[in-house]
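Chains as they are written, first to last, in the working numbering: chain A, 23 to 429; chain B, 481 to 787.
By construction, these hints were calculated from the structure, which means they are not laboratory data. Glycine is no exception: its CB is placed at the ideal position from the N, C-alpha and C atoms. Each hint should be verified, as a subset may be incorrect.
Partner residues are not named here, just some residues of chain B that face chain A (Cβ under 8 Å, in silico) [said to hold, decoys possible]: (1) P599; (2) I604; (3) I635; (4) I640; (5) R651; (6) L655; (7) H661; (8) V681; (9) T711; (10) T735; (11) A737; (12) M743; (13) A746; (14) G752; (15) T774; (16) S776.
What follows is the residue order along each chain.
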Amino acid sequence: MKIHEHQAKQLMAARGIPVPLGRVARSVDEAVAAVRPLIEESGNPVVVLKAQIHAGGRGKGTFREHPDVRGVNVITGGIEGGPSAAEEEVRELAQQMLGSTLVTIQTGDEGKKVSRLYVEQGIDIARELYLAVLLDRAASRNIVMASTEGGMEIEKVADETPEKILRAEIDPAIGLAAFQANELAHGLELDGEAAKNFGRFVKALADAAMELDTDLIEINPLVVTGDGHVIALDGKMSFDDNALYRHPDIADMRDETEEDPSELAAKNAGLNYIKLDGTIGCLVNGAGLAMATMDTIKQVGGEPANFLDVGGGATADQVTTAFQIITKDPNVKGIFVNIFGGIMQCDVIATGIVEAVERVGLEVPLVVRLEGTNVQEGKTIIEESGLEVTNADSLRDGAEKILELSA
Amino acid sequence: MSVLVDKNTRVLVQGLGKTGEFHTDKAIAYGTEMVAAVHPSRAGAEAHFEGETDHSGVPGRDDTYSVELPIYATVKEAVAETGATASVVYVPPPFAADAIMESVAAGLELVVAITEGIPVADMIRAKRYLQGTATRLVGPNCPGVITPNECKIGIMPGYIHQRGKIGVVSRSGTLTYEAVHQLTLLELGQTTAIGIGGDPVNGTNFVDCLRMFQDDDETEGVVMIGEIGGTAEEEAAEYVKTEMTKPVAGFIAGTTAPPGKRMGHAGAIVSGGKGTAEAKIAAMKSAGIIVAQTPSDMGEAMVRALG
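Bound-form chain B, shown alone (with noise of 0.2 Å):
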């Protein structure tokens, strides 16, 4: 098993522009299955993918590639005419909301948003649209979702992902890398990769993601990478004490953040002294996770956790 995405997980792109349109590439070469992309100026035409696979991805399949991808003027359509159930959403910050209300309205399961840079305000109407919903979203300003040898949703690098054991949470993309990279090495791999990203209001949150884990047979220990800024690894730390049997090994970027600047991510600040790096440690190390000092360390924390 895994969680979130899976062999048959049908993925539309929300936005196919220059961005859109590279990763979608990269992930037919990964071997997702990509079936439809919704961008409304170019409906009723077909994209075209082709091009030597990626045998780091789902085994078993030819060299070489070539797809048409069917476009849609709109993602209700693109469901009905495809079974889509998952979405990843490349569009530009000032509509990307929005179109992430628009996979909400369709039904689909699972809605990743890649986009960085949506104001706060779209996404916490986006949020309270979401309310009583079914749908999953992940991100925005995430790396996105992958099961190796599966599906792999957004624009993470799929050579370095080995299938095997080990969750992953995280809300940098580049930290995510380090300590995928880490637990392909050691031969630990992963069960699934999630990026939950960088901004202050987003879809899933760690404790989310630690509960899906937890549940799933395959995952035998999870990473969790965080960073300063708001309290969710602190609640994350309280889900693992109480509720989690499986180890858990973490790390948290930005103990030497000065106060009050915003560290690259929008949710990366330390404000009126909350959302310090030391206090998430605290909390985490108090949860019984092993912190790595580094992120070089990460994954031999995940050895250490497992015992």
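Bound-form chain A, shown alone (with noise of 0.2 Å):
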């Protein structure tokens, strides 16, 4: 699960790591009467106005309304003018920035709605590092991983000039230790209090991705200021969805509006779809064949619309609520049900599939391909159902059918 940069560096306040100050603001107004505070506050009569949406690049981003408003905005009409005219600036960027739809290199072209944003203290910028915290799966253990690189893309950094990239590996017994703390610190060319702030920050980093369930914390740029304080200038942070339940406080930071629906109801049903830009509808069960079913689909020629697994032990109701997403695809021309019965028996997919289709309807062709436990009885109520199926001996069979069926 995914957050949005202002609830990461709640997070992070709240367990000591330095972030600016700053303010969410769902409103115009709300954004303005973050302003003054801020300046009053931090001393510094530059603030920063940003785009919230889980997606990265905003910096670089544009509003496809207001294609010269970037999705992070410096204000600094403060310095001259005042608190007022720092406001004013405010007002009028949020004003085009709220209900409008940001696209940066990571939302794709149809881009994100925003919906809110985050004013910020501007910080004194000396230097712009790079820092995350993630699972390295080799090691089976979170890493450390830094640069000196901040700012830049760090898949870039790590084609380009690995050995710009440092790690250290975690040893979840004992934390980050205050050696690999101090071979950062020194890999980064840190000295005095900015290496002691360092030290201090990264061991907490390390501390939170390990107590609150995170699979990734990315905080780039990490900036160190002038007087050596080492502060989150971004902070990016997702979650480990199989941990949720032991943070409930997280799991309640969900923003359902950044999901595409019909992944959300796929999730409420307990099935794991993904929309794709196809046209044959998958319903598999396995994540390792639901994936392969796609490829296949591609591999004879199609475009698969969908990843669905149904699981080990779908009940008719889910295989139901499957047909029903994948049917609300309008680009939908043809179905294809994949199953291969372990635990899972095909008789009792079969009656889920019938059941489906005279509940929810049927105006695309269906090839379905049964095997494994119980598939006799399963091909026969198939049969006796009077349903248009088409029925398939083989993965490949049966992705060929649909192909032509669909045509």
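Got two chains here, separate frames each, mind docking them using the hints?
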């Protein structure tokens, strides 16, 4: 699960990790009202106005409705004109940003609608660094990743100058050791107060990753100020969905407006669904088989409309919901059901399919491939239902048949 | 021979809830030597299993079975009383990593964790706990391990298997069934089929399994089934290239998966351009592995690899 920057910073601040002062705003008035207290509290006449969406690249991204407005704006009017001038600048920008669509390198062409802003104090930036805590699968541990190349895309740094990426494995029994923090600080060419502050920062971040069950914390940039403070200028956090049950406060931060409505409906029904751009809807049991079904459709010349794994113990209701979600997609020209029954029995899924079609209706061709436990019973149920269903003998056979029928 | 499990494997089940009970019954029907259950709230009682023997499993048994399985409060006690050598974990996700560690502490040779949805942080700790012990963990989030005709631990349907000469190792449950089914139809059969699971942190990886199959006299070839996410397949390809003499066929799921999306399995995600199906397929091909274009061709790919 992803959260917004302002929420990530709230979680960091609660753990004593330095972040800029800031206020979240859901309306133009709230954004304007945040300006004066921020300037007074920080003593800095500069504030920053940031669009809050679940995607990166906001600084360079622009709004579809206002191509000259960026996702992150530094408000400098306060330097000469005082707080009132900063307020006016924020008002004008907030009016254009709220409700508009921000397109960044990570949102795709469709962009994301902005419904909240974050107003932050300006920071005196001496250096910009990169810092992240994430899982290293090969090591089966979290690692700290740091780089002197803050503000850049880290994948690019990793490709072009891999020597500029520092790594430290976090032993779950010990946490990040002081010497590791010291090594990282040294590698980032920090000394004096800045090195000490960095050490405290990175240790707290490593602990936060384990205690909050994050799958990624990324601070890009992490800034060192002129007087040696180390502050998270940006903050991105995502969480292990399987651990949310023990963090109800974080689960409450979910912003459903950031998620695809069909994917959300599927999740609520206990289904794994991901929408794609093709025309062949798929309903499969098992994640690996569901992926392989999409791949095979592509292999025979089609394009899958979705990934859908009904899991190992789907009920007739879940199958119905799955059909509803698939048929709701106007691009779908045919549906391919591919089941290898292990624990999932073919007769149960067949009953589910028949019920689903009776309840939802079916306006596109349907190909069903059943294999495994109780396969004969399953095939009989479908044959006797009188539904217009084409049977397939294998995954490839099914993919070819649905492609032909939906052409 | 076979790997990991055979007719001498004595299995205890951790978590005798609905799922654990259902699959324990199937395992007994198959002929697996189930010796104990660990379920603290039911400790002291016995669980009764009876039904018709699954004759696709261990040969030479009566047509029906009736078993009283003793239930213990702790793994330690169950091992002391029954001599169990392996454990299968059906414990719900919040408690599953602890159940794994309990079996490690009790000194079991093998722990097979079926549970899906264990928090990654819990598995990081459990994996740390495993370090320096003699226990092998398979899974979590996997179908289990089966040596046809001898021992079935997990949730795979027994009857699709046939004892033979091919080792199977896979991150995906249903794709394992596809491969096994094809190998059975082609009369190649399996020595052992191992589901290593779809989670990002797991106990046993491809290289561990390939090494076991390489050292196993009965295994003549291996089918490995991977998917997007991580670099375990690339590491396996490197092992095949440098160490392995037996033929290997494979398949990688997720060529069409969009980047940044988790495809059902917690570990199936392409992130930052890493973990793509293309990179895995290329690494496998360069190691001489015959890669099937679709899952329907896995058995044929093995036939070609065998030459």
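Q: Mind listing which of the numbered hints don't hold for this structure, in increasing order?
A: none
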